[in-house]
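*Asks:* For reference, the chains in residue letters:
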Amino acid sequence: MIMKQNNLDIFVRAVTESRVLTGEQKELFLHRPDLLPDTYRDGIIRILRDFDNRSIAREAYVQDKLDTLYTEFVQKIHMLELSENAKHTLFSKARTYVDTLRTQQPAA
Amino acid sequence: MAESIVKDLKGKADWVYVGRAEPARKAEKKPDTLFQTYMRDVFDIAAPVAHAEMDDAVQTQAKLAEETLKLAQQPAVPTDSVDTNAFLKRWVELDTKVSTPDVPNRLGKILTGLAYMGGSFAVNMGSEKFASVLYRNRDDIPFFKKTITPNEESGNKRMLDAGWEYLTDYGIEEAVNMSVKKIVNRQEVGFVSPLAKALSKIGNTIFAVTSGHGKDQPVVWKSITNPGFIEGFFRAAGAIPNAGFIRAFYGRANDQIMKGEGIVPMGADLALNMMLAKLAVSQKPSST
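Read top to bottom, the protein sequences are chains A and B. With the first letter of the first sequence counted as 1, position 108 gets the number 108 in our numbering; the numbers rise by one all the way through. With the first letter of the second sequence counted as 1, position 113 gets the number 221 in our numbering; the numbers rise by one all the way through.
For reference, chain B alone in the conformation it holds in the complex (with noise of 0.2 Å):
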């Protein structure tokens, strides 16, 4: 009661009277309490400025977190300094985790396979165009101090489409990695993938065992037997939304035949083996 009558006039005038003074205490003298007193003081100034400090490094922290996280959200950058050179990650990392605005994901890379397996295309038809100039349609062409004439009868036609469509392959798998490497400025990545070598190079087996006797393969066949065109078309085809199975497909057979287990590897063995069986009993001689 009395305090708020107090309390009261206060607020109403600049002085009142609230009864004797209480005499000075002669605890505050002591040295002790003099010594409470300071240390209170000491605290009452630090504390509140140790509380701004935890909250400053609070809100210094958040930022740090979002500005990292807005990095994270960038498209990676490729640089030369990433320390990889594993085979597995050379294609892998360029169809997973390398994104940039040439190589995008999903439509980007349905269009850079369908890119890839354009151009592949149109270098090995471009190649077996000029197959027909520099030997194909000659009677004899001259090497060293003789003439190597490729007909069919001798089987020279066979040797000289074989060995050209390998060479065709090689340099189209090749071109096909050094622009993807280009393109995303970075030496340890590639594009062509042992999948896409291994179907390339058992087409190619197939055409050399299955063609001459005056019946070539269909060049369009040929044309698209390459590696450039294979990886592009399951690049392409994998990104195709719902398409995850030719992805998964993909992913695995290239797992295997790396790790040369499985039965992509078997299968490839057992194909090319078969089929040098039977070119080598074709041309066995007859003994009738």
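The following block holds chain A by itself, in its conformation from the complex (with noise of 0.2 Å):
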């Protein structure tokens, strides 16, 4: 029963954080999940914790490889002879571009 319950909890928590699923998915599992049989709570959840996993994987990946190109462009913009307002701008531009792309929805 404990383990039940467990498996229950976790099953929800998989459901609401995971990445893949839409919000309409979403509701659809989380619509009485008592009543699913346990293997099935099981095999979704590793399904989507896979996904997961890769996900943010792929997401650190990114960001590593955007902090060091965004440090080069410093380095570079700051090698020519600019105002300091126009550099300020040059980079906030640069952030709000890559931010942008970085919030932009999950593939699903």
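Honestly, the hints are just simulated from the structure, not real lab data. One should not assume that every hint holds.
[What the hints assert, rightly or not] Subject to a maximum C-alpha distance of 25 Å in a straight line, what follows is the list of computed DSS-like cross-link-like pairs (lysine-lysine):
no.	chain 1	residue 1	chain 2	residue 2
1	A	Lys-65	B	Lys-138
2	A	Lys-76	B	Lys-138
3	B	Lys-171	A	Lys-26
4	A	Lys-93	B	Lys-138
5	B	Lys-138	A	Lys-87
[What the hints assert, rightly or not] Per the computed footprint, the stretches of chain A lying under chain B, defined by three or more beta-carbons under 8 Å from a beta-carbon of chain B, are:
no.	region
6	48-55
7	86-98
Cβ atoms here follow ideal geometry from the backbone N, Cα and C, with glycine treated the same way.
If you follow the hints, you should be able to join the two separate chains into one complex; please do so.
*Replies:* Given below as structure tokens:
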């Protein structure tokens, strides 16, 4: 009984935090999840967690690359003879664009 | 031509002089150009990852669908959490939706129906034998401080027969429904349908009206006229391949009875009223 409850809690958390499920899918999974068999819940938990782990790894990889790229960009800009205001504008523009790119909705 | 020569040389030598080195372009030093280059590099990094994310999401959705399909292909798991108490669903659902190792479809339904037919017949037959011990072969039955004489002249025997038949049929119906609840582990389902109950009651009324005067109905006929046997027959016969008309009749007759409309309720009422009228006339003392 305790294991079943744990499995249920993990299932609810996996669905709620999932990066791949749409809002509608989350609603469907979270409607009386206690009626779903344990084995099915286990399967869904495994699939969702696997995707989330891969997605987090991809995000970390992109973040690392973008940080490096931004550092190089800043160094190159500093080497130019530009006013502080112009530099600030460029950096702000770059950060805005990259942030927009990073906060795009997941593929799902 | 020049390009192909250069490519050939590049493939064979570590280096090759292909002309005067291009001077450093001043445009690259411009802030806008640097910014564009930076953004292009950003997209070069982000785009493949975004593409991989999308591919992965599609494959994950396919895995979710596959997992759900596996669940859908499994037999329905009866639970106590199904939110329905509708009387119609009680017997329709068991017949059409619930398919467990204990109540499978087709062949299983036939065997289940036959089992309930046999069980109900045996119980009803036993109740007939018990009736012989209880009152039929006795001259007097103590009833509080009086005695009942179950003979033909007083009509007590017919009355007791009718009451006993009603009670045993009711007991069989309850026992059958209870056993199905236990088998499928669900409280909202049943086995006996309104049609079987109606036919059983009509049959009992016919026996009550036509028996007596030293001519009892055969015990076999009484023993098959109970809800468990009739319902088992319909379920078993309805599951036989190419016997869809039985299922159709069974379903529509039940539908009519529950709605109180159609030929079946009207026929049942008609038959019952005709028999009661005959009974009343037969019991009327002669005026001559």
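*Asks:* So, for every hint listed, does it hold in this structure?
*Replies:* Now for the hints, and whether the structure bears them out:
{"no.": "1", "hint": "Lys-65/A to Lys-138/B", "in the structure": "holds, 23 Å"}
{"no.": "2", "hint": "Lys-76/A to Lys-138/B", "in the structure": "holds, 10 Å"}
{"no.": "3", "hint": "Lys-171/B to Lys-26/A", "in the structure": "holds, 16 Å"}
{"no.": "4", "hint": "Lys-93/A to Lys-138/B", "in the structure": "holds, 16 Å"}
{"no.": "5", "hint": "Lys-138/B to Lys-87/A", "in the structure": "holds, 12 Å"}
{"no.": "6", "hint": "48-55", "in the structure": "holds (count 5)"}
{"no.": "7", "hint": "86-98", "in the structure": "holds (count 6)"}
Hint compliance for this structure: no hint is broken.
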